[in-house]
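These protein sequence lines map, in sequence, to chains A, B, C and D.
When the count follows this note's numbering, it moves up by one through the first sequence with no breaks and lands on 216 for the last residue.
When the count follows this note's numbering, it moves up by one through the second sequence with no breaks and lands on 1216 for the last residue.
When the count follows this note's numbering, it moves up by one through the third sequence with no breaks and lands on 2340 for the last residue.
When the count follows this note's numbering, it moves up by one through the fourth sequence with no breaks and lands on 3340 for the last residue.
By construction, these hints were calculated from the structure, which means they are not laboratory data.
Note that CB positions come from ideal geometry on N, CA and C, so glycine has one too.
It is possible that some hints are incorrect.
[Claimed, not checked] Distance condition first, Cα-Cα at most 16 Å in a straight line; then the derived EDC-like pairs of lysine to aspartate or glutamate:
#1 D:3009 x C:2134
#2 C:2261 x D:3014
#3 B:1067 x B:1123
#4 D:3009 x C:2092
#5 C:2009 x D:3014
#6 D:3235 x D:3258
#7 D:3122 x A:123
#8 C:2099 x D:3014
#9 C:2122 x B:1168
#10 D:3009 x C:2130
#11 C:2261 x C:2217
#12 C:2122 x D:3217
#13 D:3240 x C:2014
#14 C:2240 x D:3217
#15 C:2240 x C:2253
#16 C:2261 x C:2218
#17 D:3009 x C:2213
[Stated by the list, open to error] Distance ranges between label pairs, derived from CB positions:
#18 C:2290 x A:23: 31 to 37 Å
#19 C:2289 x D:3015: 20 to 26 Å
#20 C:2322 x D:3241: 21 to 27 Å
#21 D:3151 x C:2290: 32 to 38 Å
#22 D:3148 x A:192: 22 to 28 Å
#23 B:1058 x C:2031: 34 to 40 Å
#24 D:3322 x A:101: 53 to 59 Å
#25 C:2014 x A:174: 42 to 48 Å
[Claimed, not checked] Computed, partial: chain C to chain B, Cβ under 8 Å:
#26 2116
#27 2256
#28 2257
#29 2259
#30 2261
#31 2327
Now for the letters of each chain:
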Amino acid sequence: MGPLNVNAETVSRWMSLCASAIAEQRDYLTQLDAAIGDADHGSNMTRGFAAVEEKLASLDGGMPPGKVLITAGSTLVSTVGGASGPLWGTALRRAGRSLGDAETIEPASLADAMEAAVAGVVELGAAQPGDKTMVDALQPAADALRAALNGGGNATQALAAARTAAEDGMRATVPMLARKGRASYLGERSIGHQDPGATSAAIIVAALEQAVGAEP
Amino acid sequence: MGPLNVNAETVSRWMSLCASAIAEQRDYLTQLDAAIGDADHGSNMTRGFAAVEEKLASLDGGMPPGKVLITAGSTLVSTVGGASGPLWGTALRRAGRSLGDAETIEPASLADAMEAAVAGVVELGAAQPGDKTMVDALQPAADALRAALNGGGNATQALAAARTAAEDGMRATVPMLARKGRASYLGERSIGHQDPGATSAAIIVAALEQAVGAEP
Amino acid sequence: MSVAAQVVKKFINDPDNVVPEALAGIAAAHPGLVRVDLENQLVIRADAPVQGKVGLVSGGGSGHEPLHGGFVGLGMLDAACAGAVFTSPVPDQMAAASKAVDGGAGVLHIVKNYTGDVLNFKMGAELAEDEGVEVASVLMDDDVAVQDSLYTAGRRGVGATVLAEKLAGARAEAGGSLSEVADVAKKVNDRARSFGVALSSCATPSSGGPIFDLGPDEIEVGVGIHGEPGRRRAKHAPAKEIVEMMLEPILEDLRPQDGTKVLAFVNGLGGTPLLELYLLFNEVNLQLGDRGVSIARSLVGNYITSLEMAGASITLLTLDDQLTALWDAPVQTAALRWGR
Amino acid sequence: MSVAAQVVKKFINDPDNVVPEALAGIAAAHPGLVRVDLENQLVIRADAPVQGKVGLVSGGGSGHEPLHGGFVGLGMLDAACAGAVFTSPVPDQMAAASKAVDGGAGVLHIVKNYTGDVLNFKMGAELAEDEGVEVASVLMDDDVAVQDSLYTAGRRGVGATVLAEKLAGARAEAGGSLSEVADVAKKVNDRARSFGVALSSCATPSSGGPIFDLGPDEIEVGVGIHGEPGRRRAKHAPAKEIVEMMLEPILEDLRPQDGTKVLAFVNGLGGTPLLELYLLFNEVNLQLGDRGVSIARSLVGNYITSLEMAGASITLLTLDDQLTALWDAPVQTAALRWGR
Ligand SMILES: Nc1ncnc2c1ncn2[C@@H]1O[C@H](COP(=O)(O)OP(=O)(O)O)[C@@H](O)[C@H]1O
Ligand SMILES: Nc1ncnc2c1ncn2[C@@H]1O[C@H](COP(=O)(O)OP(=O)(O)O)[C@@H](O)[C@H]1O
Ligand SMILES: [Mg+2]
Ligand SMILES: [Mg+2]
Ligand SMILES: [Mg+2]
Ligand SMILES: [Mg+2]
């Protein structure tokens, strides 16, 4: 297997994969949100990524991947609303900014971008790991990506590790007591339910692995 | 068996028996009304006869039975509301008026009184037999009472005939299409349900038989 | 499908005491606007009787709030008689109300056409007249879901009642005589038509559960306001189709000419979110527009309800200059207020 | 017990199009009072921007009607931003609303404290400031059912939001500066506490069925306005006990002195009949009386709802002369109107 060519097209493909995977899981995400929130996470994320897909399709080519991500993030901010809109919008915009104007993304920059994304979410939402939010899927994913690369893994391996970490992190939210977001209003009653935002985060990380792996 | 002594006490006893029998059937009457009306017939009639019982208990003795009935009717008018309040109030008041100031009620006067009651209901409510109302229990009861007496039956036999006729009339309302009262709004959909007002009417006629039969 | 076991929970203490406790709440919430006669279950305009003004009395079973108690005040009703839930009040109440609001110019009874209401109001009017109050009565029967006939109970009074109370109330406030005020109510009844649809049943405090069963994909078409089932059951459909279903019999009966101006009243039956009522109003507006009827005045909200029933009714009133001016006149009640 | 199969029927055409269609209905129902920007999903006061007046902007997810769109008009909001059902609006909406209502004296954002609302309003304020609009924000967090803490999302904004919009709106109408108007909203938030109880769940247009399950004898204690379950589940109880359950945490937090005058607001969550809301108000009145607190102003009705949820919330606001006068000042909106 040759070196991966992660570029603007990869990012567009990632966003399309997010759109389809989330639309497919829409009802599931909404059910998770119904249990400890307000039953809109599925429609929020579906609406947002559908808008991103449409927006990216309308662009002329030639944008570097970082700019594509910034555009995607801004589109999420403008179309999602709720907690997840600003948080995911910020995540993608921060990731995009960290990529600068580069035409292709090196594995190390990918790790930088994911860390920047998580940092943006934490800065805006002030959630700590363990608070039962998307951070509980995203932080382990970013950590695993970096660790795999540091350990000599290639991008494919590192993204697989990130995906596994995100999924583990997602499942780990089940026993947590929510301290941020709407689920926190439930107090003890939030325990025993998987966080919807951590679930969509795991879906988005899995879509990234798929987008990069599908590199022709 | 000696001649019956139907007097003011009989009327009071009748009203008490109505109060207890209707209170017992309250939920059933309400269910019947729920099917083709507004689910209040049980509480309406219960409220009314409870008030009648209370009112009669508060009276000094010495009122002739006709006056007792007028008082009972007025109490129904003042406490029931709905269609059944004015109709039953009028029925009892007309019956009472037809009894005049007599201290005891002869069988023939009983038949007159029941006919006066039915005439009052028809005059006020304009229902014809077959319209699926209380008239479908009351008219046959009055007719049967008169026919039994005309045929030489005593009051006990005549009241038994009236009770049977009322019950038959009540059951006969099931296949009828309602043309009066709330059930008429349902049109064809009123078919197949027993009329609540005919049902309480049958209960009230049965209570009369019991009150007279219980004559000490 | 049976929902017999279904329970509808309520904020009550004792099913038999709901109405007096709610009336006490109205008294506490609206001092200055109304006073409450708890013994007779009446909501009375605070400054009644208004000398020289025709008094307006209406009433009916409880469970339709804000009708009628929420419409007591300047420019609308002088008194409302509250019956038990879904049960017409008794004649004594109408007599007491009429006496309480008679300012010497007579009293108008606005009566919804239900057997119970008609009979009790009739007896109440007689009692009031016996005590020297001049009474006129107007019967409201605007519900086109019910076929009218000499041999039936006739049409029901529904949404037009709210409009009649407002418009006749304005006429009375402006000094109209008893017959002038009654004429306005009659005119409203002549020019208004209504139709209701329910998406769910409702439960009275004493029934505990839903009055009728409705499948998960069914709606009741042509319902009244007492939890009674409708004329027929239909499959649930998009709002656009339901509005067509409702407007058709209204327009068929009202036969508005091209260019007619109407007051369109989209009323919630209690359990339908305002969001949906506005969505329905949008449909009404679009569909009337297509037929050359324009909406000159409007009312959207829960004004004549059937407890927590999910559903809505549409009432159209053909306006003229008099009715438009009466609608715009000040009104100061708990549920309808402008100009003050 | 599972009610997963239960269906809540709605008057809609397309679940994804409910909000724009309802907004079109609002525009059609209240011309002269408001205009609607359909692209940005805004309800805007018809005469906005009012030169020299501080503009008031609020907003939030839809499904809480009449909040916020029903409170746009003279003496209250200048614009309301409508999000998807139960979803905060997006920053672009707040920016567009702020620009549309800026009369040169700055714009106040009244924000209910939910993560989504807070973040989107914050970004919206930044966008508006980038375009030269001066923005101040006040966060509403009056719900004592939620424990406050630095490490959580904090208390929710509920009933006090309605009161803040009215009172700050009156201050703006009277010529208050941006900081004076913001101070009124903050003062309301400081002096108001709320608590909600649900007897049923509700369904969003896209969820189709109830958001949570509730047994036939259970109630949710400490609910918000987004269909989320409450702090705890309790057995259903008489209204008297439920009101005790609600007043206790409010009074514990508010600690009113003997003789305190309050505005008592009994709010329906959407599916509870007005009859029951008045019955609750009666209980509130009696129980406050027992504790030496007197009700000087009141509001009873469905003002901040959770679609068709059966339930109610109580909000108490400690009044002073300023707040009382601001409450009495004229207001002319679709849902709250007096003095005009
Ligand atoms: N402060 C926060 N930091 C990080 N993530 C958060 C925060 N608050 C909420 N979230 C995430 O957002 C998700 C809910 O998103 P969504 O349902 O779309 O928005 P809302 O809660 O406004 O309805 C939660 O499941 C959680 O993962
Ligand atoms: N016009 C009428 N004539 C005779 N009986 C009638 C008439 N209208 C209604 N009823 C009787 O009244 C009964 C209903 O009484 P009730 O439920 O107490 O009053 P409401 O219909 O006002 O709720 C019906 O079942 C019917 O028997
Ligand atoms: Mg959510
Ligand atoms: Mg009935
Ligand atoms: Mg009734
Ligand atoms: Mg939300």
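Each hint tested on the structure:
1. D:3009 x C:2134: violated (48 Å)
2. C:2261 x D:3014: Violated, at roughly 30 Å.
3. B:1067 x B:1123: Violated: residue 1067 of chain B and residue 1123 of chain B sit about 21 Å apart, past 16 Å.
4. D:3009 x C:2092: The given pair, whose Cα atoms are some 41 Å apart, is violated under the 16 Å limit.
5. C:2009 x D:3014: violated (30 Å)
6. D:3235 x D:3258: Given pair residue 3235 of chain D, residue 3258 of chain D is violated - Cα atoms ~32 Å apart, limit 16 Å.
7. D:3122 x A:123: Satisfied, since the Cα-Cα distance of roughly 14 Å is no more than 16 Å.
8. C:2099 x D:3014: Not satisfied, since the Cα-Cα distance of roughly 53 Å exceeds 16 Å.
9. C:2122 x B:1168: This hinted pair is violated, its Cα atoms lying about 32 Å apart.
10. D:3009 x C:2130: violated (51 Å)
11. C:2261 x C:2217: Violated: residue 2261 of chain C and residue 2217 of chain C sit about 36 Å apart, past 16 Å.
12. C:2122 x D:3217: violated (43 Å)
13. D:3240 x C:2014: Given pair residue 3240 of chain D, residue 2014 of chain C holds - Cα atoms ~10 Å apart, limit 16 Å.
14. C:2240 x D:3217: violated (37 Å)
15. C:2240 x C:2253: violated (20 Å)
16. C:2261 x C:2218: violated (34 Å)
17. D:3009 x C:2213: holds (14 Å)
18. C:2290 x A:23: 31 to 37 Å: holds (35 Å)
19. C:2289 x D:3015: 20 to 26 Å: holds (25 Å)
20. C:2322 x D:3241: 21 to 27 Å: Violated, at about 52 Å.
21. D:3151 x C:2290: 32 to 38 Å: violated (57 Å)
22. D:3148 x A:192: 22 to 28 Å: Check passed, 24 Å falls within 22 to 28 Å.
23. B:1058 x C:2031: 34 to 40 Å: Cβ of residue 1058 of chain B to Cβ of residue 2031 of chain C: about 35 Å, so the range 34 to 40 Å holds.
24. D:3322 x A:101: 53 to 59 Å: holds (56 Å)
25. C:2014 x A:174: 42 to 48 Å: Cβ of residue 2014 of chain C to Cβ of residue 174 of chain A: about 44 Å, so the range 42 to 48 Å holds.
26. 2116: Holds, about 4 Å.
27. 2256: violated (25 Å)
28. 2257: Cβ of residue 2257 of chain C sits 30 Å from chain B, so the hint is violated.
29. 2259: violated (34 Å)
30. 2261: Hint violated; residue 2261 of chain C Cβ to chain B Cβ min 31 Å, cut 8 Å.
31. 2327: Violated, because the Cβ-Cβ distance from residue 2327 of chain C to chain B comes to roughly 29 Å (cut-off 8 Å).
In terms of the numbered hints stated before, the structure departs from hints 1, 2, 3, 4, 5, 6, 8, 9, 10, 11, 12, 14, 15, 16, 20, 21, 27, 28, 29, 30, 31, listed from lowest to highest.
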